[in-house]
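Enquirer: Spelled out from the first residue to the last, the chains are:
Protein chains: 2
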Amino acid sequence: MKVDICFSPALYPFYADGNNYIAVVVDIFRATTTMCAALKNGAKCIIPVASIEEAQAYKAKGYLVGAERNVKRCDFADFGNSPFDYTKDKIEGKEVVFTTTNGTQAIDAADNADILTIGAFSNISALTDFCVRKQKDVIVLCAGWNNRFNIEDTLFGGALAARLIDRGYTSASDATRTALSMWREARRDTRGYINRTEHIKRLEANNLQDSVEYCLTEDTVNLVPVYDKETKKIN
Amino acid sequence: MKVDICFSPALYPFYADGNNYIAVVVDIFRATTTMCAALKNGAKCIIPVASIEEAQAYKAKGYLVGAERNVKRCDFADFGNSPFDYTKDKIEGKEVVFTTTNGTQAIDAADNADILTIGAFSNISALTDFCVRKQKDVIVLCAGWNNRFNIEDTLFGGALAARLIDRGYTSASDATRTALSMWREARRDTRGYINRTEHIKRLEANNLQDSVEYCLTEDTVNLVPVYDKETKKIN
Chain B
1 MKVDICFSPA LYPFYADGNN YIAVVVDIFR ATTTMCAALK NGAKCIIPVA SIEEAQAYKA
61 KGYLVGAERN VKRCDFADFG NSPFDYTKDK IEGKEVVFTT TNGTQAIDAA DNADILTIGA
121 FSNISALTDF CVRKQKDVIV LCAGWNNRFN IEDTLFGGAL AARLIDRGYT SASDATRTAL
181 SMWREARRDT RGYINRTEHI KRLEANNLQD SVEYCLTEDT VNLVPVYDKE TKKIN
Chain Z
1 MKVDICFSPA LYPFYADGNN YIAVVVDIFR ATTTMCAALK NGAKCIIPVA SIEEAQAYKA
61 KGYLVGAERN VKRCDFADFG NSPFDYTKDK IEGKEVVFTT TNGTQAIDAA DNADILTIGA
121 FSNISALTDF CVRKQKDVIV LCAGWNNRFN IEDTLFGGAL AARLIDRGYT SASDATRTAL
181 SMWREARRDT RGYINRTEHI KRLEANNLQD SVEYCLTEDT VNLVPVYDKE TKKIN
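Quick mapping for you: the protein sequence lines, in order, are chains B and Z.
Count the first sequence with this note's numbering and you get residues 1 to 235, in order.
Count the second sequence with this note's numbering and you get residues 1 to 235, in order.
Since the hints were derived computationally from the structure, they do not count as laboratory data.
Glycine residues also receive a C-beta, built at the ideal position from the N, C-alpha and C atoms.
Do not take every clue at face value.
[What the hints assert, rightly or not] Okay, derived cross-link-like pairs now, BS3-like style, lysine-lysine, Cα gap no bigger than 27 angstroms in a straight line: (1) 40(Z) / 201(B); (2) 136(B) / 201(Z); (3) 94(B) / 2(B); (4) 40(B) / 229(B); (5) 232(Z) / 59(Z); (6) 44(Z) / 2(B); (7) 44(Z) / 2(Z); (8) 201(Z) / 44(Z); (9) 44(B) / 90(B); (10) 201(Z) / 201(B); (11) 59(Z) / 72(Z); (12) 229(Z) / 2(Z).
[Stated by the list, open to error] Taking beta-carbon pairs under 8 angstroms as the criterion, some of the chain Z residues facing chain B (in silico): (13) 10; (14) 14; (15) 74; (16) 78; (17) 146; (18) 166; (19) 170; (20) 173; (21) 175; (22) 178; (23) 181; (24) 185.
[What the hints assert, rightly or not] Covered stretches of chain Z (chain B as the covering partner; in silico rule of three or more C-beta atoms under 8 angstroms from a C-beta of chain B): (25) 150-161; (26) 190-202.
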C-alpha cells in the first residue's frame, strides 16, 4: 500500500486515481482537530456544510451550529472553530452542523473516496490503526488555506506517513517525501517549528492561540471520524 | 519585496494577487533548463506552445520544433526536451517552437504577470540580479508534473528565494519557508537529494539521465529569458 499527500483541495483531482483508497482530510488549525474533539465529547454526529447559507438554514431549523470564516466565529453560530467550544454539556447526543474556511470544503473535494476520514494529531494513532486494518492506499488531503499550501497540515501528513511506513506502507510521491522530511526536522520541537507558520500569526492576531498546543498534541482522542456518503454526516 | 513559491500551475490563481510581480516559471527537468540553453546557443527566440497540434502546425510551416510528452521526444519534432539537443549549429539565429509536458503549460498559466521570466539553476545568478534590479515581488511558479508537486522545481524555488532574501527580499509564505528549508538540507549534495525524486526514475527508465548533472549546475548561462506578451515569444 502507498501513502500520498495532496497539499491543496485544488490539487486533489491530480492525486485521486480511481477511488479505491482512504482519504484523510486534515485541517490541524483547527477544523479537523475540532471535529475529533466534538465527537469525543459525545456529539451524535457532525453535519459538514460548505456554505454559510446552508449553516444558517440549519440554525433556523433549531440545529446547533459551528461556523467560522477567517479564524473568527460567525455571529449567528453557537460555536466557532475552537476544539474547546464543543464541551460535553453543550453537545452530548446532539447533531452539530459545521462550516469552516477550509476544512469543510476539503471534505467536499474528497467525497469520491471509498472511505473519507478526518485526521488530526489528536487521533493519529487510532487513524494509523484504522488505515492498516483496512489495507488500502491512503491519500492525505491537506485543507491548506484558501487552497494555498500550509506547513501544519503537511507536517501532520508527514507524521501519519511515517507511522504508516513503519507499518508496511511505501511513500507514493515527492510530496510524501517532502512531508516526511519536514516531520523528521520538526518532531522534536513541533511547537517551535510551527511558530514560523503563516497561520500562527493569524491565530495570534485574533487572540486564538489558546488551542495551538492542544492541536499539536498526539492521541487525546481514540476514534476515527468517518464521513457517511449517504447521510452526509460524520460519525 | 516578497518572494513566494507556487507548487503547481493549478494553484497559481491562489498565489497571484494582481499582476505587479515577476513570475519565474521553472521546470528544472528539463524544459526551462533547455530554454536557457537554446537561447545561450544563439536561438533567435523560443515560441512556446501548449499543444502538440500547434507545434505540428508550426512544423508544417517549416519551423524548427522541440516537442516532448512524458519525457520522450515526439516523433514529428526536430528536438526533444534535452538541453543537449539544441546545439549552436542547429539553432543559431533560428526561431524554435517548443512544447513540453509541463513547462509550456506553466507559461500559459502565468502570462498575466507583469514580467514573466524563465528560471533554472543554469541562470540563477543572472535571474537574481534581474529581480533585484526590477525591485518587484517574485512568484516562482513550479511546473511540477501534471500539476503535482515535485521536489526539483521546489528546490530551485528555495535556492532562488535564499539568494533574494540575501538581497533584501522577505519570505511570503509557508511554501517559501518549506522550499528554503529543503534547499538548506539539499544544497551540499543536490544530486544525492534529487536521487530520491519521482522524476529521476522517469528519466532513468527512458535512458535520459545524461542531462541531470547539467540541469543542477548553477550559472552556465548568463541571461534571463523573458516572455513577450505581444509577440508570444521568449527571448
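Enquirer: Compare the structure with each hint and give your call.
Expert: Taking the hints in turn, this is what the structure says about them:
1. 40(Z) / 201(B): violated (44 angstroms)
2. 136(B) / 201(Z): holds (24 angstroms)
3. 94(B) / 2(B): It is violated: about 37 angstroms lies between the C-alpha atoms, which goes past 27 angstroms.
4. 40(B) / 229(B): holds (21 angstroms)
5. 232(Z) / 59(Z): Given that 27 angstroms is the threshold and the Cα spacing comes to 17 angstroms, the pair holds.
6. 44(Z) / 2(B): Violated, because 46 angstroms separates the two Cα atoms, which is more than 27 angstroms.
7. 44(Z) / 2(Z): Not satisfied, since the Cα-Cα distance of roughly 32 angstroms exceeds 27 angstroms.
8. 201(Z) / 44(Z): violated (33 angstroms)
9. 44(B) / 90(B): holds (12 angstroms)
10. 201(Z) / 201(B): It is violated: about 39 angstroms lies between the C-alpha atoms, which goes past 27 angstroms.
11. 59(Z) / 72(Z): With a Cα-Cα distance of about 18 angstroms, the restraint between residue 59(Z) and residue 72(Z) holds, given a limit of 27 angstroms.
12. 229(Z) / 2(Z): holds (24 angstroms)
13. 10: holds (6 angstroms)
14. 14: holds (4 angstroms)
15. 74: Violated. Min distance 23 angstroms.
16. 78: violated (31 angstroms)
17. 146: Since the shortest Cβ distance to chain B is 6 angstroms, the answer is holds.
18. 166: Cβ of residue 166(Z) sits 18 angstroms from chain B, so the hint is violated.
19. 170: violated (13 angstroms)
20. 173: With a minimum Cβ separation of about 6 angstroms from chain B (threshold 8 angstroms), the hint on residue 173(Z) holds.
21. 175: Holds, about 4 angstroms.
22. 178: holds (6 angstroms)
23. 181: holds (7 angstroms)
24. 185: holds (7 angstroms)
25. 150-161: holds (count 3)
26. 190-202: holds (count 4)
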